[in-house]
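As a plain string of letters, each chain reads:
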Amino acid sequence: MSERSALVVEDSPTMRQLIALALRRIPALGFAEAANGAEALSLLGSRSFDVILLDINMPVMNGFAFLEQLAQMKTRPPVIIISTESARDDIDRAMSLGAVAYVTKPVRGPDLAATVSRVLGERPA
Amino acid sequence: MGADDDRPRVGSAEAVLAAMRRSVELVQELLQTTAVQAEHIRSVEHELLSARQRVAFLEGETSQLRQRLREGIPGIDPQQLEELIEEQNTFAHLFVTSDRLARARAASEVVEIADEVLANLIGADRFAVWLQWQGAPPVLSAPPLPRWRSEPGLHKDLVTQTLATGSWSRPPGVAQDAVPVAVPILLDGNPVGAMLIVRLVPQVGHLGRLQDDLLRLLSERVAPSLCLTALRAGGGAAAWAGVRGLVPALQEAP
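Line by line, the protein sequences give chains A and B. Take any residue in the first sequence, count from 1 to its spot, add 1: that is its number in this note's numbering. Take any residue in the second sequence, count from 1 to its spot, add 6: that is its number in this note's numbering.
Be careful, since some hints might not be right.
[As the list claims (entries may be wrong)] Beyond 12 angstroms from chain B on every Cβ pair, some chain A residues (computed): (1) Ser6; (2) Ser13; (3) Pro14; (4) Met16; (5) Ala21; (6) Ser47; (7) Thr76; (8) Arg77; (9) Ile83; (10) Ala88; (11) Pro107; (12) Gly110; (13) Pro111.
[Unchecked claim] Computed from the model, here is a short list of chain B residues facing chain A with C-beta under 8 angstroms: (14) Val16; (15) Ser49; (16) Val50; (17) Gln86; (18) Leu87; (19) Glu89; (20) Leu100; (21) Ala125; (22) Val204; (23) Arg205; (24) Val210; (25) His212; (26) Leu234; (27) Ala244; (28) Ala245.
Calculated from the structure, these hints are not laboratory results. Glycine residues also receive a C-beta, built at the ideal position from the N, C-alpha and C atoms.
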């Protein structure tokens, strides 16, 4: 199976570690980390990703601003939002900006792995 | 009999005819209404049939999924599997929190980790972390994002009570799984701080087992991690020299 890659955009190192633990369930999935939207855009300039896991509340560049920038790019990986925000307006805004799924924190590892697998078109291990 | 004599009879017949016509119209209207209602009933019956078929399909799918779950892990029913997933998820959260606290190299990092765990893993929407060093007035550590910060002075009585007693404090009448709550930060069983949760995010609602376990971990591990960072602040070699002096040597050289 070819190696796929996920980009985790999240300012909390604790959350990044928890997400990494959940993504280990998915075979042949490598991942990179960014602490905010600006770092993520920089990474996207040098390599491609199969899926992006994106927080909303982040310093420097938040998730909404990142989605707006991502919309200008030629190739756009599918984006899964992971956020504490559960208001209908936030979900609608994220989906209208191109996100394909919305997961609210606190996340359950198996549920997150299932969502990422679904977006990648596979079943988790 | 003259025409004048027939006039009332003609009028009466016309009235009867008019009444009959009206009756016929009413019957026609009734028939039309009945036809429309019959059409509605057929439509509703069709929808009902579709819904029944959909329910049957979903029931079949659910049954198949349950069967696959049973086949996937023999002897474990879906409820048990759900509990196992929940437990595994809790352990993952506890492991990550414990690992992060153990790796912290500065006191500020320990407090940041506590903030991250409270906001992202526990689901605290408004909270504050207080630290109190050896009788000095408690120091408030503000969460990184303003939206998470509890208002200054809010539930001061709960924080004061927890700092004095070292136990969890809630206002009278608040349920054991509800907020606001003040949770002690303990060092060797003595309170050296408190975490105040004023509100939870809507999707969490109450303090479940995951939240309870994480709060107990923070309660016990934050202060020792702070002490460890103080030891590390002098450099790894200094910390190791201190440990070396405390561990009785069984053998000087291997």
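Hint check:
1. For A:Ser6, the non-interface assignment is confirmed: its Cβ lies about 22 angstroms from the closest Cβ of chain B, beyond the 12 angstroms cut-off.
2. A Cβ of chain B approaches the Cβ of A:Ser13 within 12 angstroms, the least distance being about 4 angstroms, so the stated non-interface status is violated.
3. Distance check on A:Pro14: its Cβ comes as close as 7 angstroms (rounded) to a Cβ of chain B, failing to clear the 12 angstroms threshold; non-interface status is violated.
4. Residue-level check failed: A:Met16 sits 5 angstroms from the nearest beta carbon of chain B, not beyond 12 angstroms.
5. Remark: the non-interface label on A:Ala21 conflicts with the geometry, its nearest Cβ contact in chain B lying 9 angstroms away (cut-off 12 angstroms).
6. With a closest Cβ-Cβ approach of about 28 angstroms to chain B, A:Ser47 is found to remain outside the 12 angstroms limit, as its non-interface label requires.
7. Consistency note on A:Thr76: stated as away from chain B, and its beta-carbon is indeed over 12 angstroms from all of that chain's, at 30 angstroms minimum.
8. Listed as a non-interface residue, A:Arg77 keeps its Cβ farther than 12 angstroms from every Cβ of chain B; the least gap is roughly 26 angstroms.
9. Consistency note on A:Ile83: stated as away from chain B, yet its beta-carbon is not over 12 angstroms from all of that chain's, at 9 angstroms minimum.
10. A Cβ of chain B approaches the Cβ of A:Ala88 within 12 angstroms, the least distance being about 8 angstroms, so the stated non-interface status is violated.
11. Under the 12 angstroms C-beta cut-off, the non-interface status given to A:Pro107 relative to chain B is violated; the minimum distance is some 5 angstroms.
12. A beta-carbon of chain B is positioned within 12 angstroms of the beta-carbon of A:Gly110; the least distance is around 5 angstroms.
13. Once the 12 angstroms rule is applied to beta carbons, A:Pro111 is inconsistent with being away from chain B; the minimum gap is 5 angstroms.
14. At its closest, the beta carbon of B:Val16 sits 74 angstroms from a beta carbon of chain A; the interface hint therefore is violated under the 8 angstroms criterion.
15. For B:Ser49, the interface hint is violated, since its Cβ never comes within 8 angstroms of a Cβ in chain A; the closest pair sits about 33 angstroms apart.
16. Taking 8 angstroms as the C-beta cut-off, the interface hint given for B:Val50 is violated, the closest approach to chain A being about 32 angstroms.
17. Of the supplied interface hints, the one on B:Gln86 is violated, with its beta-carbon coming no nearer than about 15 angstroms to a beta-carbon of chain A, more than 8 angstroms.
18. Interface restraint check: B:Leu87 against chain A, minimum CB-CB distance 10 angstroms, threshold 8 angstroms, status violated.
19. The restraint placing B:Glu89 at the interface with chain A is violated, with a minimum CB-CB distance near 13 angstroms, outside the 8 angstroms limit.
20. Against a cut-off of 8 angstroms between C-beta atoms, the interface hint on B:Leu100 is violated, since the closest Cβ of chain A lies about 11 angstroms away.
21. Nearest Cβ of chain A to the Cβ of B:Ala125: about 7 angstroms, under the 8 angstroms cut. The hint holds.
22. Interface hint status for B:Val204: violated, as the beta-carbon distance to the closest one in chain A is roughly 15 angstroms, over 8 angstroms.
23. Given the 8 angstroms rule on beta carbons, the hint for B:Arg205 is violated: about 12 angstroms separates it from the nearest Cβ of chain A.
24. At its closest, the beta carbon of B:Val210 sits 7 angstroms from a beta carbon of chain A; the interface hint therefore holds under the 8 angstroms criterion.
25. Interface hint status for B:His212: violated, as the beta-carbon distance to the closest one in chain A is roughly 13 angstroms, over 8 angstroms.
26. At its closest, the beta carbon of B:Leu234 sits 17 angstroms from a beta carbon of chain A; the interface hint therefore is violated under the 8 angstroms criterion.
27. The beta carbon of B:Ala244 comes no nearer than 26 angstroms to any beta carbon in chain A, farther than 8 angstroms, and the hint placing it at the interface is violated.
28. Annotation: B:Ala245 was flagged as interfacial toward chain A, and the flag is violated, the nearest CB pair being 23 angstroms apart, outside 8 angstroms.
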